[in-house]
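Chains E and A supply the protein sequences, listed in that same order. Counting with our numbering, you get residues 23 to 232 for the letters of the first sequence. Counting with our numbering, you get residues 4 to 187 for the letters of the second sequence.
One or more of the hints may lead you astray.
Said to hold, decoys possible - A short list of chain A residues far from chain E (calculated; beta carbon distances all over 12 angstroms):
hint, residue
1, 20
2, 30
3, 146
4, 152
5, 157
Unchecked claim - Quick list of simulated restraints, FRET-style, between CB atoms:
hint, chain 1, residue 1, chain 2, residue 2, range
6, A, 180, E, 155, 25 to 35 angstroms
7, E, 217, A, 161, 51 to 61 angstroms
8, E, 218, A, 52, 29 to 39 angstroms
9, A, 84, E, 110, 50 to 60 angstroms
10, E, 140, A, 116, 22 to 32 angstroms
11, E, 62, A, 25, 56 to 66 angstroms
12, A, 176, E, 151, 49 to 59 angstroms
No lab work stands behind these hints: they were computed from the structure. Each residue gets a CB set at the ideal place from its N, CA and C atoms; glycine is no exception.
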Amino acid sequence: MAEESKKASFLSQMFAPVAGFGVTFSTMFRTLETEEYPEVKRPTQPRYHGRHQLNRHPDGLEKCIGCELCAWACPADAIYVEGADNDDSEGGSGRFSPGERYGRVYQINYLRCIFCGLCIEACPTRALTMTNVYELADTNRSALIFEKSQLLAPVQEGMIAAPHPMVDGLRERDYYQGKVASATPEQSAWADAREAELAATAKSTEVDDR
Amino acid sequence: MGIEEKLPAGILLTTVEQLAGYMRKSSVWPATFGLACCAIEMMAVGTPDYDIARFGMERFSATPRQADLMIVAGRVSQKMAPVLRQVYDQMPEPKWVISMGVCASSGGMFNNYAIVQGVDHIVPVDVYLPGCPPRPEMLLNAIITLHEQIQNAPLGVNRVNAAHAAEAAGLAATPTHDMKGLLA
């Protein structure tokens, strides 16, 4: 055995000291495995547990009913919910969700949240779901407590942002049976009237301040 | 102190600041401070798949004397707290801290007597990173956030003034142990 290895060819003996560089050299022609993160983002899995989102019904009313089940399910106590009654009366605070109550205050502390998804499982109305957003780093501790305004899903085509009344002639259960497709003209008229009213009051207080 | 004080605060100093900031941010060396599961993700960032060397962090320094950045990865127990502070004190200025993961940032789900409720009780934190554990991209994102901070950091007199302003703001702010609600 030992004698055989001694009889290596002249060529292989000559290249023996630099044979290790062969690996380095051949690596130059291999495709790069590195993920170029900030420029090219590798997509997450479709069910990735990312940042939360508070969903809306097709007409723009919020799905959250302020039941606090997510807060109870949370193992890290990262969620704070304060429910309130929907107010359909004249001059009231308005209606935010189809049912009796809505989530008035909704906070998630992302410095406690462990993205386990138990809140999603606990949610009875599928109001709370998770997105694939994961870029959450921040320089400030209080900036990472997300308020309801940051968590709410964007208002999409056919939606009107709450508060506004339910679709005429429909009840709460009709919303969950998918009988609502989009906001009705009555709802948009109501929202426009409210907006005009708010603008008028804001203008009058401005005049008072002067 | 130096030439910075003799020059009028203006265009020259800001250009120098930008240049110095660029150089500093391109060669930040992290100290290894893996404490728990987050450390696994931190190690993954060092692998060729994510390749932290792209950001000038050629290696994780095993000694705090040669480190600029402490990535606190994992829950800090009360017993580890003085050790962490000592490692931080041994690092030369300028130094930065990334609090990686929810446990380091606020105690996370371990709201009990054994775990420090946020590493900012012990050392000043520059970037908080949520996630349990954060995926490697999230750590890279935090590093990029820190790079922006380093790039725009003031120098000389401006730096002293900024430090005074930060201290005054810190004294006026609610102490961490007095905070209520989700901030507690």
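Hint check results:
no.: 1; hint: 20; result: 19 angstroms, holds
no.: 2; hint: 30; result: 18 angstroms, holds
no.: 3; hint: 146; result: 9 angstroms, violated
no.: 4; hint: 152; result: 7 angstroms, violated
no.: 5; hint: 157; result: 16 angstroms, holds
no.: 6; hint: 180(A) x 155(E): 25 to 35 angstroms; result: 32 angstroms, holds
no.: 7; hint: 217(E) x 161(A): 51 to 61 angstroms; result: 46 angstroms, violated
no.: 8; hint: 218(E) x 52(A): 29 to 39 angstroms; result: 56 angstroms, violated
no.: 9; hint: 84(A) x 110(E): 50 to 60 angstroms; result: 54 angstroms, holds
no.: 10; hint: 140(E) x 116(A): 22 to 32 angstroms; result: 24 angstroms, holds
no.: 11; hint: 62(E) x 25(A): 56 to 66 angstroms; result: 23 angstroms, violated
no.: 12; hint: 176(A) x 151(E): 49 to 59 angstroms; result: 35 angstroms, violated
Of the numbered hints listed earlier, those contradicted by the structure are 3, 4, 7, 8, 11, 12.
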